[in-house]
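Colleague: Each chain is listed here by its residues.
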Amino acid sequence: MAAQPALADIPAASSTLALNTLVDTIERLSSARTVADIAAVVRTGARALTGADGVAVVLRDEDRCHYVDEDAVGPLWKGLKFPMTACISGWAMLNRETAVIPDIYKDARIPHDAYRPTFVKSLVMTPVGGDQPVAAIGAYWAAERTPTNEEIDSLKAIARATATAFENVRLVNSLTETINQRDFLIRELDHRVKNMLASIQSIATQSLRSSESQEAFVEVFAARLQALSHAHELLTKRSWKHADLKELSAAALAPFSDSKTGRIRIDGPQIGLRPETAVALLLGIHELGTNAAKYGALSQDGGTVDLSWNVDMGAEPRILTLDWRETGGPAVEAPKAKHMGCKMIERGLPYALGGTAKLDFAPEGVTFSLKTPLSERVALT
Amino acid sequence: MKPRILLVEDEALVAMMMEDVLEDLGWEVAASFADVRPTLEWLEKCDTLDGAVLDINLGAEMVFPVAEALRKRGTPFTFLTGYTAPPKAVEFETPVLTKPVDVDELERVLERFRQAA
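One line per chain: the protein sequences are D and E, in this order.
Everything in the first sequence is counted per my numbering, starting at 1 for the first residue and increasing by one.
Everything in the second sequence is counted per my numbering, starting at 1001 for the first residue and increasing by one.
Hints listed in this document are in silico derivations from the structure and should not be mistaken for laboratory results.
Any given hint might turn out to be false.
The calculated lysine-lysine pairs, modelled on PhoX-like cross-linking and capped at a C-alpha distance of 25 Å, are [to be verified]: (1) E:1045 - E:1002; (2) D:194 - E:1088; (3) D:194 - D:81; (4) D:343 - E:1088; (5) D:294 - D:246; (6) D:246 - D:156.
Owing to the predicted nature of the structure, the values given are computational and were not obtained by experimental measurement.
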């Protein structure tokens, strides 16, 4: 091989130009924000710096090489993909080594058929990224010639700057996504807090209307707030996607089931409720429990509450039937005034779940029955 | 005769409270719904309606088809929302109340409905 001029031997004017070109390319790479930007800077910068007849920018796409961009005297392979094992860019990336080829038709690593339609007779192909190359830059000449050390070093310098640029783009994208996610979560949180405040406002105003004294208000309001907080807990458990009917019912009736087992029975298939529906359901069942504990089956020994539901799979859409049945309690008297508790049961539950409901103060024991088609609000899970 | 109002709100708790509040403010709640479809069906058969309160986000859907129907029949309405009002709501050039609702503000909005009738 003939001695190549060292960078120091090159006339001052051309080495200043080379330096300026390199600095300019690196500066533009540092402000690139997309992969397309990077490719555009590299194809012209690398060609100016090496004086090559053409430059191609190749990206690794899993096990293939994707020729994404080029700047050349004639067409190369822009837009095409080749298996990594069948092209020199793949070889450079897999071996983490720069390929210097003075005569491509004498080198077995080159797929000659792919090159024959092009002007290329010699090339340098350098990988981008030290440990795990994600790309490669190829410089091509239309004559058989030995590439100079200066040309090879220039290409490698650009490759190093390109690797940094790719990493920057990856970081910026990752940061942007994190910021977007954070903003979304902040908006969701704001929405949920506003919803909770609206729920509390509703519970407070309705409890106030139906409470005969301040003490009565405080007691009933506190109990309902607890129930609301349990509903939110169950929703948070599943990231506010839905809540389970059985878990909601158990949480609603937990304050009324002391150590006496068997007094409350809850049974039915797995049903998921949307957040707003879940809150209404828990509060409604809580009211049924409150009434049962004050006046009904849970106010004395031997009383039982049966809460069960089933889905009629044959119907279209499928129908959910939910039944509350009290037995073994004292003789039932219908309440004189409709207060918030009954409203929550008779109006709130069907409003939230859909369908129709009936609250019946039968003398043997209070019953409540709700029938609704399954929907996006109430679904089998 | 009391003026009639329509309520569209997907949260049962808020709906029940709004019904009480609207009645306190002298309105008759003609109907309340949690979804768009039953609301539109009801509107088709409704003769007199003097106003409406519409929650913007109804879970899986937005209330805008109802807003459109009300605009066509010339019934005044206000939006109610727990989010910031989306651009589509602003297009209607109607009041937008935020949850939890400020009853005084609601009263002022409803008063304007009464006067417009």
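Colleague: Residue 294 of chain D and residue 246 of chain D were given as a pair; does the straight-line alpha-carbon distance stay at or below 25 Å?
Modeller: The given pair, whose Cα atoms are some 23 Å apart, holds under the 25 Å limit.
Colleague: Does residue 1088 of chain E sit within 25 Å of residue 343 of chain D, going by the straight-line distance between their CA atoms?
Modeller: violated (34 Å)
Colleague: Measure nothing beyond the straight line between the CA atoms of residue 246 of chain D and residue 156 of chain D; if it is 25 Å or shorter, mark the hint as holding.
Modeller: Answer violated: residue 246 of chain D to residue 156 of chain D is near 65 Å, above 25 Å.
Colleague: Does residue 1002 of chain E lie within 25 Å of residue 1045 of chain E when you go C-alpha to C-alpha?
Modeller: holds (19 Å)
Colleague: Does residue 1088 of chain E sit within 25 Å of residue 194 of chain D, going by the straight-line distance between their CA atoms?
Modeller: Holds: residue 194 of chain D and residue 1088 of chain E sit about 21 Å apart, inside 25 Å.
Colleague: Would you mind confirming whether the straight-line C-alpha gap from residue 194 of chain D to residue 81 of chain D stays at or under 25 Å?
Modeller: Distance ~53 Å between residue 194 of chain D and residue 81 of chain D Cα, so the pair is violated.
Of the numbered hints given earlier, the model fails hints 3, 4 and 6; all others are met.
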